[in-house]
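First to last, the protein sequences are chains A and B. Those letters in the first sequence? Residues 1 to 139, by this note's numbering. Those letters in the second sequence? Residues 140 to 298, by this note's numbering.
Incorrect hints may appear among the rest.
[Said to hold, decoys possible] In silico lysine to aspartate or glutamate, DMTMM-like type, Cα no more than 20 angstroms apart, as pairs:
(1) B/Lys214 <-> A/Asp137
(2) A/Lys50 <-> A/Asp78
(3) A/Lys81 <-> A/Glu60
(4) B/Lys285 <-> A/Glu29
(5) B/Lys285 <-> A/Asp18
(6) A/Lys27 <-> B/Glu254
(7) B/Lys182 <-> A/Glu135
(8) A/Lys124 <-> B/Asp191
(9) B/Lys194 <-> A/Glu136
(10) B/Lys194 <-> A/Asp137
(11) B/Lys213 <-> A/Asp137
(12) B/Lys247 <-> B/Glu174
(13) B/Lys182 <-> A/Glu136
(14) B/Lys194 <-> A/Glu135
(15) B/Lys142 <-> B/Glu205
(16) B/Lys291 <-> B/Glu260
(17) B/Lys182 <-> A/Glu132
(18) A/Lys81 <-> A/Asp59
(19) B/Lys214 <-> A/Glu136
(20) B/Lys182 <-> A/Asp137
(21) B/Lys274 <-> B/Glu236
None of these hints come from the bench; they were simulated from the model.
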Amino acid sequence: MRHFLIASHGPLSQAILDSASLVSGRKGEFVSIGVEMNDSRETVRGRVNKALSGWPPEDEILALTDIIGGNVTNILTDYIKSRNLNIITGVNLGMVLEALFSDRDIPMEELVESIVSMGRAGIKHINSLLIENNEEDAV
Amino acid sequence: MIKAFHMDDRLIHGQVAISWTRSLGINLILIINDEIVNDEFRKMSLKLGVPDGVKYGFRTVEKGIEFLNGSDGKKYNIMALVNNTADALRVSTAVPEITKVTVGGIRKNAPQVYESLCLDERDIENLKEIISLGKPVGMQPTPGNKFVSLDKYLEIPNK
Numbered sequence: 001m002r003h004f005l006i007a008s009h010g011p012l013s014q015a016i017l018d019s020a021s022l023v024s025g026r027k028g029e030f031v032s033i034g035v036e037m038n039d040s041r042e043t044v045r046g047r048v049n050k051a052l053s054g055w056p057p058e059d060e061i062l063a064l065t066d067i068i069g070g071n072v073t074n075i076l077t078d079y080i081k082s083r084n085l086n087i088i089t090g091v092n093l094g095m096v097l098e099a100l101f102s103d104r105d106i107p108m109e110e111l112v113e114s115i116v117s118m119g120r121a122g123i124k125h126i127n128s129l130l131i132e133n134n135e136e137d138a139v
Numbered sequence: 140m141i142k143a144f145h146m147d148d149r150l151i152h153g154q155v156a157i158s159w160t161r162s163l164g165i166n167l168i169l170i171i172n173d174e175i176v177n178d179e180f181r182k183m184s185l186k187l188g189v190p191d192g193v194k195y196g197f198r199t200v201e202k203g204i205e206f207l208n209g210s211d212g213k214k215y216n217i218m219a220l221v222n223n224t225a226d227a228l229r230v231s232t233a234v235p236e237i238t239k240v241t242v243g244g245i246r247k248n249a250p251q252v253y254e255s256l257c258l259d260e261r262d263i264e265n266l267k268e269i270i271s272l273g274k275p276v277g278m279q280p281t282p283g284n285k286f287v288s289l290d291k292y293l294e295i296p297n298k
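Next up, chain B with everything else stripped away, as it sits in the complex (with noise of 0.2 angstroms):
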């Protein structure tokens, strides 16, 4: 079962190995990416950081929908993991599964709207359109955090 779909721009990380794993009994780390499926070294940069005793997959955002609503995402409690606010609009659309999206954060060259979130329009676009599907975006770097909701956040930042 999915136990958490998380965006966040460095995908495996410390919060994400150690914290989220631990404190939802992740047996799986499912990292869905268009293009680091085919960049060997990141793929293996990436897995360094998964803990013992958790496997993990690369897939396309097609087959990582196909893997998620099929029997192979009803073997292992899943953390899916996506770096980026269109791939979690088609990822969030496309699983039922899903209820809400927790965010880590997106450092980029964007407007910040919350800390460690930087957005741009079509990113703000993305994220209300997940909401209007009635699963909720919120930041939440590590479960030990509180979910917070970004529907107010979400209004387009100041230029």
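Only chain A is shown next, with the shape it has when bound in the complex (with noise of 0.2 angstroms):
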């Protein structure tokens, strides 16, 4: 089994699963954790082993987190020892539909690939591509 963790600072990773669901018309696949201000250490680890301990010790789990060097990040490194665990920073609403869309058995490195290169593909100036204007794919 694969699962999918969404991890940030405050709301971002229920709401991007929430903006996720309005595009895409699917729920509940994915768990998030959000890290407040206030929470210590031991509470962030206390609500990732609630959130992990539910699936089984080799079970593959891909976590998309906000930001490299965040709290949530530094701590859900710890479980790569002990966890057939991966981890993504810098989510987009792109990774997290990319993961949602992904065909649960390819590899892990290769949904690791396409989602890391759909999240740098999303960042785009559109008034740089307007002046482009590329028509290749016009049929």
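Using the supplied hints, reconstruct the complex from the two chains, each of which is provided in its own coordinate frame.
Below, the structure written as structure tokens:
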């Protein structure tokens, strides 16, 4: 089995799942963790433990987190030693949708690659694209 | 082949660009509209929403019907988009391969008959005519949502 976890400071993680649900019409497939200003390291660990403990130890987990170096990213990183866990930082809506629509049978390395490239490809300067006005995909 | 015929005043937007194309393996998004064909800026901005690996085309209603009925229509997995009921009626009447109309929504100053769907009396007549061709019309903003037939919502709304 493969499980998905979205983790962030504050409401971003749940909100991005709500937004993904609006776009995709799908919900309830991913778990979110939000960390508040006053949460101690232990509180956050408790929340992570609670999310992970529902899944068998050998199951694959992919976590998308808000920012590298952030508290929840750092805490999740500890779990790489004990769980079959991959973490990707810098989550955006395109990445969540890519994960949601991904084939659950593709190898984890491929999935990670496709989500990272989707995340990068989604960052564009619209004004520059309008000037380029590339028409190679027009029919 | 025509995989989806969809009516939404936003034409290409997140639900179409991501959810419909991914779920149905769409490789051509065809926008059918008489005004947009001549609006270069609108065309540029709409095509920014087309995902990598998916082609797009802009056609007038007349040319769109020709495209869908011709040999080009067989070469692609097509999602055809219109943004109003009059065009939906013209296209679905003229293209036998279209078997149903999915609706994302139309937001405008007219009575609301369903969430995200505002229709005036003319729109209701147009949609009823499509249904009378044996082509169901239903709300379905994404393939993940159930197709909700509009039959019972198409009575003339109270004013």
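**Study point:** Restraint check for B/Lys285 with A/Asp18, where alpha carbons must lie at most 20 angstroms apart
**Key:** Roughly 18 angstroms between the alpha carbons, so the hint for B/Lys285 and A/Asp18 holds.
Point to revise | Agreement of B/Lys182 and A/Glu136 with the hint, judged by alpha carbon distance not exceeding 20 angstroms | key: holds (14 angstroms)
Review point. Would the pair B/Lys194 and A/Glu135 pass a check requiring their Cα atoms to be no farther apart than 20 angstroms?
Key: holds (10 angstroms)
Practice item. Would you check the hint for B/Lys182 and A/Glu135, treating anything up to 20 angstroms between C-alpha atoms as holding? Key: This hinted pair holds, its Cα atoms lying about 11 angstroms apart.
Check your understanding: Can the restraint linking B/Lys274 and B/Glu236 be considered satisfied, given a maximum Cα separation of 20 angstroms?
Key -> holds (10 angstroms)
Practice item. Take a quick look at whether B/Lys194 and A/Glu136 sit within 20 angstroms of each other, Cα to Cα. Key: Cα-Cα ~9 angstroms, so holds.
Check your understanding: Are the Cα atoms of B/Lys214 and A/Glu136 separated by 20 angstroms or less?
Key -> holds (17 angstroms)
Check your understanding: Between A/Lys50 and A/Asp78, is the straight-line Cα distance small enough, at 20 angstroms or below?
Key -> holds (15 angstroms)
Practice item. Take the C-alpha atoms of B/Lys213 and A/Asp137, compute the straight-line distance between them, and say whether it is at most 20 angstroms. Key: Within the cut-off at roughly 18 angstroms; holds.
Review point. CA of B/Lys182 to CA of A/Glu132, is that 20 angstroms or under?
Key: holds (13 angstroms)
Check your understanding: Would the pair B/Lys194 and A/Asp137 pass a check requiring their Cα atoms to be no farther apart than 20 angstroms?
Key -> holds (5 angstroms)
Exercise for review: Verify the proposed pairing of B/Lys285 with A/Glu29, using a straight-line Cα cut of 20 angstroms.
Suggested key: OK: B/Lys285 and A/Glu29 at ~17 angstroms, within 20 angstroms.
Checked against the numbered hints listed earlier, the structure breaks none of them; every hint is satisfied.
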